[in-house]
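Chain by chain, the residues:
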Amino acid sequence: MSTILFALLLGLPATGTVLCAVFHSRRVLETITVAGAGLTFLSALWLVTTVMQVRALSTPQEWWYADGLSAYVAAVVSGSALVVALYSTGYLRRQVRHRHVDGRQLWLYYLLLNAFLFTMMVVLLSNNLGVLWIGSEATTLATAFLVAFYEREGSIEAAWKYVIICSVGIALALFGIILTYFSALHVVPASGNALNWSSLMLVAKGLDPGVLKLAFIFVLVGFGTKAGLAPMHTWKPDAYGEAPAPISALMAAGLVNVALYSLMRFYILVNKAVGGSFASTLFIIFGLVSMAVAVPFILIQRDFKRLLAYSSVEHVGIIVFALGLATPLAYFGALLHLLNNAIAKTLLFLTASNVRMAYNSKIMRRVTGAIKVIPVSATFLLVGVFAITGSPPFGLFVSEFTIVSAGFAGGNVVPAVLFIGFNAAIFAGFIYYTSRMVFGEPHPPVKRGDADTLSLLLLGVLLAALLMLGVFIPSSLQECIENALTVLKG
Amino acid sequence: MDSTNLQTVGLLIDIFAAAILVTAFLVVSSRSLVFYIRLFALQSFFLGIVAFLVVLGYGETHILIAAVLTIAVKAIAIPFVLSRVIDRINVHKEVDFSINITVSLLLCGGMVILADSVAHSILDAQRADAPAVSRVLSVSIAMMLIGLFIMTTRKKAITQIVGLLTMENGVFLSGLSITYGMPLIVEVGIFFDILVAVLILGVFIFRINKTFESISIDSLRSLRE
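Residue numbers (the numbering used here), protein chains in the order written: chain A, 351 to 840; chain B, 184 to 408.
These are computed hints drawn from the structure, not numbers from a lab.
Worth double-checking, as some hints may not be accurate.
Claimed, not checked - Just so you have them, the derived chain A footprint on chain B, three or more residues with Cβ under 8 Å:
id	region
1	327-340
2	389-403
Said to hold, decoys possible - Simulated DEER-style distance windows between Cβ atoms:
id	chain 1	residue 1	chain 2	residue 2	range
3	A	Arg716	B	Glu277	51 to 59 Å
4	B	Ile248	A	Tyr782	52 to 60 Å
5	A	Arg376	B	Asp270	35 to 43 Å
6	A	Arg377	B	Ile284	52 to 60 Å
7	B	Asp270	A	Met818	58 to 66 Å
8	A	Thr353	B	Ile296	45 to 53 Å
9	B	Glu277	A	Thr365	47 to 55 Å
10	B	Val371	A	Lys722	53 to 61 Å
11	B	Ile284	A	Gly504	31 to 39 Å
12	B	Leu297	A	Met551	32 to 40 Å
13	A	Val372	B	Val264	20 to 28 Å
14	A	Pro410	B	Asp299	40 to 48 Å
15	A	Met351	B	Val379	30 to 38 Å
16	B	Val371	A	Tyr782	50 to 58 Å
What the hints assert, rightly or not - Result set (DSS-like, lysine-lysine): computed pairs, CA atoms no more than 25 Å apart in a straight line:
id	chain 1	residue 1	chain 2	residue 2
17	A	Lys622	A	Lys563
18	A	Lys839	A	Lys555
19	A	Lys511	B	Lys393
20	A	Lys712	A	Lys839
21	A	Lys511	B	Lys338
22	A	Lys511	B	Lys276
This one's a predicted model, so the numbers in the text were calculated from it and none came from an experiment.
Beta carbons are placed, not taken as given, at the ideal position from N, Cα and C, and that holds for glycine.
Whenever a hint applies, use it, and build me the whole structure from the sequences.
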């Protein structure tokens with residue numbers, strides 16, 4: 351049974367990639383991608399319900415492994431992939447119609463989108479930390495040409511920085527993984543299993559604490575680069591700003607969570623092996639620094655997609671900060687925030703794409719009076735910005751409130767106050783820029799015309815989900831998060 | 184294997200590890216892109232030999248494939264790809280520096296001393312006995328630092344790739360020295376990733392050259408706040 355689940359979760363996107371490599375017709379590529387992402391999402395939901403009963407699953411040789419945490423993140427990631435796949439069909443049709451994209455690019459886009467989903471699943475389901483590393487580097491490689499997709503000066507520059515910076519980061523993470531392996535060698539005989547997360551957890555108390563602490567620092571810098579934690583975030587505004595908007599959405603809602611997941615795995619291991627507050631203090635510091643770094647760049651921003659990229663730096667900081675608080679309440683907040691942020695980022699990047707299409711610019715100064723030009727998208731933009739900045743009654747308010755409460759309850763008063771301060775400043779920046787984009791008169795006058803109905807419907811669903819999560823949390827989601835939370839507690 | 188032979192193997196590993204470090208220093212002092220690539224090929228070849236010696240001396244047969252791959256991928260395939268890239272683009276093939284060679288060499292010398300002390304603190308932290316080849320951990324950490332140094336102070340796109348690969352060589356050597364290498368499937372996957380990364384970066388160099396008529400990364404500065 352478990353083998354079937356792993357075969358589906360890995361096999362579906364892999365098959366999608368191979369099929370996309372073979373076929374070139376637009377309709378076939380669209381069908382493969384949407385069906386692949388949809389079925390992967392359903393399999394992930396199946397995995398979620400399965401691990402609620404059996405706690406953890408693995409394949410016979412233990413290469414693949416899944417528990418509440420991997421299932422939860424896999425569901426968030428594949429769900430985002432499904433939304434992005436659906437939106438991409440309308441997006442690319444428009445791009446082809448306006449001759450921004452030719453047939454070869456269309457094919458490459460769908461091929462790499464499938465490959466991207468596959469590599470993310472490899473990271474989420476691998477038990478062996480070496481395979482997890484291979485999957486992480488492969489996510490960078492799968493997205494490299496997607497970031498460079500439009501072949502402009504800026505996109506080539508962004509893609510170059512992206513691949514170079516993330517590869518350096520991930521090389522350091524590999525050194526961290528080697529050190530982890532080294533710390534385990536005297537308790538587990540050198541073999542494939544010594545790098546398995548599940549075997550390492552069994553012998554965690556016997557791992558060498560000194561070596562493991564050093565390993566954690568390298569891993570934190572490495573996967574922190576992939577997640578876009580400050581000060582290793584510098585590739586992020588460039589890549590998110592230059593990539594096609596649906597790809598930016600999947601990077602902000604999927605890739606970021608995959609990198610955070612990798613960090614969580616090591617965090618759990620180090621907490622169990624070393625104890626004390628070594629790893630959690632580092633998380634709190636990196637979390638706060640990321641939030642602080644985002645503030646000035648959000649306040650002076652000119653480009654809407656770069657604004658969202660800095661918001662992504664901030665929210666990764668929030669999640670890492672919450673994980674660092676290390677109480678069950680904070681963990682709950684972190685996991686809930688991971689979902690909320692994924693939905694809100696997808697909503698905003700896709701809305702940004704609608705705005706850009708109408709105004710042919712992502713520079714905020716050139717966008718005014720959107721409510722008159724694209725009334726539906728402009729409404730989504732305004733409401734989405736309230737949601738992402740943590741205003742009630744949206745999901746992010748609930749998760750951020752949970753995190754702050756956990757901070758005060760755990761006696762981390764100063765960090766919690768800083769958290770509130772950074773959020774207030776970011777709120778001000780976001781509302782200032784968005785209200786100028788949404789209201790006023792469009793000048794020069796812009797032709798009315800919004801995106802296709804399917805795309806708008808998708809955005810409506812995302813917004814409804816954010817609203818629902820702000821009002822109540824369904825019991826099934828509650829159970830699913832609590833199941834992931836037991837893994838985080840170690 | 185008896186102890187005299189083991190000592191010989193140990194000595195050879197030390198010699199080749201030192202040779203690897205020398206190639207890294209030669210890269211730092213080199214002015215020509217062609218030399219960068221040749222020196223990297225030589226460095227990877229020495230790294231492959233170290234891996235073979237580990238197989239020979241300590242019977243870790245699973246490293247054999249990693250050793251073959253090191254020579255096939257890093258000493259032959261990647262240098263071949265990079266040479267083709269610089270042959271095909273008509274650019275000034277001299278390296279640009281932001282720090283001159285003398286200062287660079289002094290700084291890299293300092294990095295070796297730093298790496299040595301870091302390596303000792305890692306090995307001292309471990310309670311159990313470290314593998315016999317853990318002496319070369321200092322060299323591997325020095326390689327990572329020098330690789331990073333090359334990436335940050337040399338301005339051609341190709342030199343950034345060579346810096347990255349020097350770092351990767353350092354990480355591979357660290358794996359050899361303290362853990363006798365990673366499990367086979369993991370090693371193979373890592374080689375695959377590195378090869379694909381170099382191919383992608385090679386394509387990007389063509390595009391950078393076409394768009395900016397230069398492969399100096401100084402021209403990559405349109406994206407600013």
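The hints, checked one at a time:
1. 327-340: holds (count 4)
2. 389-403: With 6 residues closer than 8 Å to chain A, the region 389-403 of chain B meets the three-residue bar; holds.
3. A:Arg716 - B:Glu277: 51 to 59 Å: 42 Å, violated
4. B:Ile248 - A:Tyr782: 52 to 60 Å: About 58 Å separates the Cβ atoms of isoleucine 248 of chain B and tyrosine 782 of chain A, which means 52 to 60 Å holds.
5. A:Arg376 - B:Asp270: 35 to 43 Å: 38 Å, holds
6. A:Arg377 - B:Ile284: 52 to 60 Å: 59 Å, holds
7. B:Asp270 - A:Met818: 58 to 66 Å: For aspartate 270 of chain B and methionine 818 of chain A the Cβ distance comes to about 59 Å; the hint holds.
8. A:Thr353 - B:Ile296: 45 to 53 Å: 52 Å, holds
9. B:Glu277 - A:Thr365: 47 to 55 Å: 48 Å, holds
10. B:Val371 - A:Lys722: 53 to 61 Å: 58 Å, holds
11. B:Ile284 - A:Gly504: 31 to 39 Å: 33 Å, holds
12. B:Leu297 - A:Met551: 32 to 40 Å: 34 Å, holds
13. A:Val372 - B:Val264: 20 to 28 Å: 26 Å, holds
14. A:Pro410 - B:Asp299: 40 to 48 Å: 44 Å, holds
15. A:Met351 - B:Val379: 30 to 38 Å: Holds - the Cβ-Cβ distance for methionine 351 of chain A and valine 379 of chain B, about 34 Å, lies within 30 to 38 Å.
16. B:Val371 - A:Tyr782: 50 to 58 Å: The hinted range 50 to 58 Å holds for valine 371 of chain B and tyrosine 782 of chain A, with Cβ atoms some 52 Å apart.
17. A:Lys622 - A:Lys563: 12 Å, holds
18. A:Lys839 - A:Lys555: Distance of about 15 Å is within 25 Å: holds.
19. A:Lys511 - B:Lys393: 17 Å, holds
20. A:Lys712 - A:Lys839: Distance of about 42 Å is beyond 25 Å: violated.
21. A:Lys511 - B:Lys338: 13 Å, holds
22. A:Lys511 - B:Lys276: Holds, at about 22 Å.
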